[in-house]
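Student: Here are the chains, one letter per residue:
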Amino acid sequence: MTAPMLDKRMSAGEIVSQLRDGMTLGIGGWGPRRKPMALVREILRSDLKDLTVVSYGGADVGMLCAASKVKKLAFAFVSLDAIPLEPWFRKAREAGEIEVFEMDEGMFQWGLKAAAFGLPFLPTRVGLGTDLAELGGLKTVQSPYDDGEVLIAMPALKLDAAIIHVSRSDWRGNVQLLGPDTYYDEWFAKAAARTYVSCEELVDKIEDHYPQDVKANTFERCFVSGVVEMTGGAHPSSMPPAYGWDMKAFKEYAAAAKDPGDWSAVADRFVGTDEAVYLEGFGGKEAVAALPLPIF
Amino acid sequence: MSDVTNQATLAELCILACSEAFRTSAEQVATGIGPVPRIGAGLARLTHSPGLMMTDGEAFLVEEPVPLGPRGDHQPRFAGYLPFSRFFDSAVWTGGRRHAMVTPTQIDRFGQTNLSQLGGTHRQPKTQMLGVRGFPGNSIYHANSMFIPAHSKRVFVEGEVDMVSSAGYNPAKRIAGGNYSGIDLRAIVTNLCVMDFGGPDNAIRVVSLHPGVTIDEVQEATGFALLDAVERETPLPGKDALDVIARLDPHNIRASVIRDNPPAVRAAP
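From first to last, the protein sequence lines stand for chains L and P.
Numbering-wise, the numbering used here puts 181 at position 181 of the first sequence, and it's gapless, one number per residue.
Numbering-wise, the numbering used here puts 64 at position 64 of the second sequence, and it's gapless, one number per residue.
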């Protein structure tokens, strides 16, 4: 019997090389918050294509759509908050370029939970009375008990892989997710066959460094297949408490979508040839670290 | 009528109307999306409805509503924790523990709303908007109201909304055995009037007109027939309410909500 490979460190390139065309890829975070943008950028630098993307969408979805990496999108919204309508996503939708599976935000996490628990579906009232069931081909299920209630059967959102940006990790994949809200990152991790995390800070043994923050370990290392340190890796999205979103960068990105809105002309700026070059374009890691946290 | 009251803006009158829509004796989360609903929720919390719970807009519950915009010296004091990561578990799917007030792009006579897409097909919409967000779950589980800053036929559509994002009282959208008992549409506050769903089969009624507005003007701006149940003019906020509103919105963000920020009482023609 061989011991499991506990040293999960790999490069961003190695992580992306483990993804395949046509995969279903879950992306953690929420809108313009906590997005694993460095790994998204690495995908954008690769030949990967025909992805089914499952995301509480922000610029991750917009960029992957703009670069024609997306075959199908499972979503409840795509938004940059202060810029409510994600412009590149909008362009792709209005051009009819992508298939979609649209869900309610709560159904979405329910589908991740079904996948995490290996169930074909989980029942819910959500979606009744709306167009979601018809548009998404959702089926109903009847309670076998006396109440006989008819419910929507939310199918499992099984992910071939998930990418998540976390605050800290050690080389074994003991992660810590700081900040006021970690959204559904833990369920992306559990819904996926393989989960890859980028982190703001990589340490050797987390118990030697941050034992006081152990409650921030929102999912366990058995759900982590690969780890890479990417300081500033959520930019331009926010990564509290380390840094806020870069609204200036988002505005520039949104403006670039206006006519003619040619992604190839601006991909250098928003993706770059590598991560160091990309960050340098926005003032470097120091400038990212200095971005103020948003107020709501 | 005092001089102070005469100086209230239409946005402030709407804030008071939103606050009335939130009135409750229950302990429940009040979510006002956008400046007018949010200030309205805060006003309700600080005046007639102390059971209301609200967040700082991000993840923490506060007992003192957080003012809009840059906070200066104001430090929110956190009394509880309600992040998105447990919002459905606590506030939505438990049923009856929240009242949300939102601004959808379209509303129809059944109270169905749309904020996902306009025109075209689902595969290729003419205009892509936000997506349904949490509207399907909100509508099937808890109270919902709406604020519309520019009452028009583009919002209050003829026929049905292009994409039903939130459930309403449309019998054709109900399947046998489904539980629709949680659908609880309350008020629609607009720049012209206040409406509710108190008509036969939850038909939409006009219950108060803002000063100087006629029922014909409201009907003219609406794509479906409204019931006239007007009993009064929408009340103007008094000095106490205006003081609370100013405290909740120190940067006067409310002045940018309704076009030209008109006074609550229209100038004589």
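FYI, nobody ran anything at the bench for these hints, they're computed from the structure.
Quick caveat, the model's predicted, so the values are computed rather than measured.
Among the hints, a few may not be true.
[Claimed, not checked] Have a look at the derived ranges for each label pair, beta carbon to beta carbon:
id: 1; chain 1: P; residue 1: P200; chain 2: L; residue 2: G148; range: 24 to 30 angstroms
id: 2; chain 1: P; residue 1: R259; chain 2: L; residue 2: P260; range: 29 to 35 angstroms
id: 3; chain 1: P; residue 1: R77; chain 2: L; residue 2: A3; range: 48 to 54 angstroms
id: 4; chain 1: L; residue 1: D268; chain 2: P; residue 2: P263; range: 49 to 55 angstroms
id: 5; chain 1: L; residue 1: S17; chain 2: P; residue 2: T94; range: 21 to 27 angstroms
id: 6; chain 1: P; residue 1: P50; chain 2: L; residue 2: A276; range: 52 to 58 angstroms
id: 7; chain 1: P; residue 1: S256; chain 2: L; residue 2: E207; range: 49 to 55 angstroms
id: 8; chain 1: P; residue 1: E64; chain 2: L; residue 2: E252; range: 33 to 39 angstroms
[Unchecked claim] Below, simulated SDA-like cross-link-like pairs (lysine to any residue); rule was C-alpha separation at most 25 angstroms, straight line:
id: 9; chain 1: L; residue 1: K113; chain 2: P; residue 2: L68
id: 10; chain 1: L; residue 1: K71; chain 2: P; residue 2: G119
id: 11; chain 1: L; residue 1: K72; chain 2: P; residue 2: P70
id: 12; chain 1: L; residue 1: K248; chain 2: P; residue 2: R98
id: 13; chain 1: P; residue 1: K126; chain 2: L; residue 2: A82
id: 14; chain 1: P; residue 1: K126; chain 2: L; residue 2: A133
id: 15; chain 1: L; residue 1: K248; chain 2: P; residue 2: L68
id: 16; chain 1: L; residue 1: K49; chain 2: P; residue 2: Q124
id: 17; chain 1: P; residue 1: K153; chain 2: L; residue 2: E94
id: 18; chain 1: L; residue 1: K72; chain 2: L; residue 2: P144
id: 19; chain 1: P; residue 1: K126; chain 2: L; residue 2: L135
id: 20; chain 1: L; residue 1: K71; chain 2: P; residue 2: T121
id: 21; chain 1: L; residue 1: K190; chain 2: L; residue 2: E149
id: 22; chain 1: L; residue 1: K258; chain 2: P; residue 2: G96
id: 23; chain 1: L; residue 1: K91; chain 2: P; residue 2: L130
id: 24; chain 1: L; residue 1: K113; chain 2: P; residue 2: L130
id: 25; chain 1: P; residue 1: K126; chain 2: L; residue 2: G272
id: 26; chain 1: L; residue 1: K248; chain 2: L; residue 2: K215
id: 27; chain 1: L; residue 1: K251; chain 2: P; residue 2: G69
id: 28; chain 1: L; residue 1: K72; chain 2: P; residue 2: L130
id: 29; chain 1: L; residue 1: K251; chain 2: P; residue 2: K153
id: 30; chain 1: P; residue 1: K173; chain 2: L; residue 2: Q142
id: 31; chain 1: P; residue 1: K126; chain 2: L; residue 2: Q142
id: 32; chain 1: L; residue 1: K91; chain 2: P; residue 2: G119
id: 33; chain 1: L; residue 1: K91; chain 2: P; residue 2: T127
id: 34; chain 1: L; residue 1: K215; chain 2: L; residue 2: R9
id: 35; chain 1: P; residue 1: K173; chain 2: L; residue 2: P144
id: 36; chain 1: L; residue 1: K215; chain 2: P; residue 2: T47
id: 37; chain 1: L; residue 1: K71; chain 2: P; residue 2: Q124
id: 38; chain 1: P; residue 1: K173; chain 2: L; residue 2: V100
id: 39; chain 1: L; residue 1: K158; chain 2: P; residue 2: R86
id: 40; chain 1: L; residue 1: K113; chain 2: P; residue 2: G96
Ideal placement from N, C-alpha and C gives every residue a C-beta, glycine not left out.
Student: Work down the list of hints and note, for each, if the structure agrees.
Tutor: Structure-based check of each hint:
1. P:P200 to L:G148: 24 to 30 angstroms: For P200 of chain P and G148 of chain L the Cβ distance comes to about 29 angstroms; the hint holds.
2. P:R259 to L:P260: 29 to 35 angstroms: Given a distance of about 32 angstroms, which is inside 29 to 35 angstroms, the answer is holds.
3. P:R77 to L:A3: 48 to 54 angstroms: For A3 of chain L against R77 of chain P, whose Cβ atoms are near 50 angstroms apart, the range 48 to 54 angstroms holds.
4. L:D268 to P:P263: 49 to 55 angstroms: Check passed, 52 angstroms falls within 49 to 55 angstroms.
5. L:S17 to P:T94: 21 to 27 angstroms: violated (44 angstroms)
6. P:P50 to L:A276: 52 to 58 angstroms: holds (54 angstroms)
7. P:S256 to L:E207: 49 to 55 angstroms: Cβ of S256 of chain P to Cβ of E207 of chain L: about 51 angstroms, so the range 49 to 55 angstroms holds.
8. P:E64 to L:E252: 33 to 39 angstroms: About 37 angstroms separates the Cβ atoms of E64 of chain P and E252 of chain L, which means 33 to 39 angstroms holds.
9. L:K113 to P:L68: violated (35 angstroms)
10. L:K71 to P:G119: holds (22 angstroms)
11. L:K72 to P:P70: Since the Cα atoms of K72 of chain L and P70 of chain P sit roughly 39 angstroms apart, the hinted pair is violated (cutoff 25 angstroms).
12. L:K248 to P:R98: Judged against 25 angstroms, a Cα distance of about 35 angstroms means the pair is violated.
13. P:K126 to L:A82: Answer holds: K126 of chain P to A82 of chain L is near 23 angstroms, not above 25 angstroms.
14. P:K126 to L:A133: Holds, at about 21 angstroms.
15. L:K248 to P:L68: Status holds; Cα separation ~21 angstroms.
16. L:K49 to P:Q124: holds (21 angstroms)
17. P:K153 to L:E94: Distance of about 24 angstroms is within 25 angstroms: holds.
18. L:K72 to L:P144: violated (34 angstroms)
19. P:K126 to L:L135: It holds: about 16 angstroms lies between the C-alpha atoms, which stays within 25 angstroms.
20. L:K71 to P:T121: holds (17 angstroms)
21. L:K190 to L:E149: It is violated: about 29 angstroms lies between the C-alpha atoms, which goes past 25 angstroms.
22. L:K258 to P:G96: Given that 25 angstroms is the threshold and the Cα spacing comes to 43 angstroms, the pair is violated.
23. L:K91 to P:L130: holds (13 angstroms)
24. L:K113 to P:L130: holds (24 angstroms)
25. P:K126 to L:G272: violated (32 angstroms)
26. L:K248 to L:K215: violated (34 angstroms)
27. L:K251 to P:G69: Distance of about 19 angstroms is within 25 angstroms: holds.
28. L:K72 to P:L130: holds (17 angstroms)
29. L:K251 to P:K153: violated (32 angstroms)
30. P:K173 to L:Q142: Holds, because 18 angstroms separates the two Cα atoms, which is no more than 25 angstroms.
31. P:K126 to L:Q142: violated (36 angstroms)
32. L:K91 to P:G119: holds (15 angstroms)
33. L:K91 to P:T127: holds (9 angstroms)
34. L:K215 to L:R9: Measuring from Cα to Cα gives roughly 23 angstroms; hence the hint holds.
35. P:K173 to L:P144: holds (23 angstroms)
36. L:K215 to P:T47: violated (38 angstroms)
37. L:K71 to P:Q124: Between K71 of chain L and Q124 of chain P the Cα gap is close to 14 angstroms, so the pair holds against 25 angstroms.
38. P:K173 to L:V100: Distance of about 22 angstroms is within 25 angstroms: holds.
39. L:K158 to P:R86: Holds, at roughly 21 angstroms.
40. L:K113 to P:G96: At roughly 24 angstroms apart (the allowed maximum being 25 angstroms), G96 of chain P and K113 of chain L satisfy the hint.
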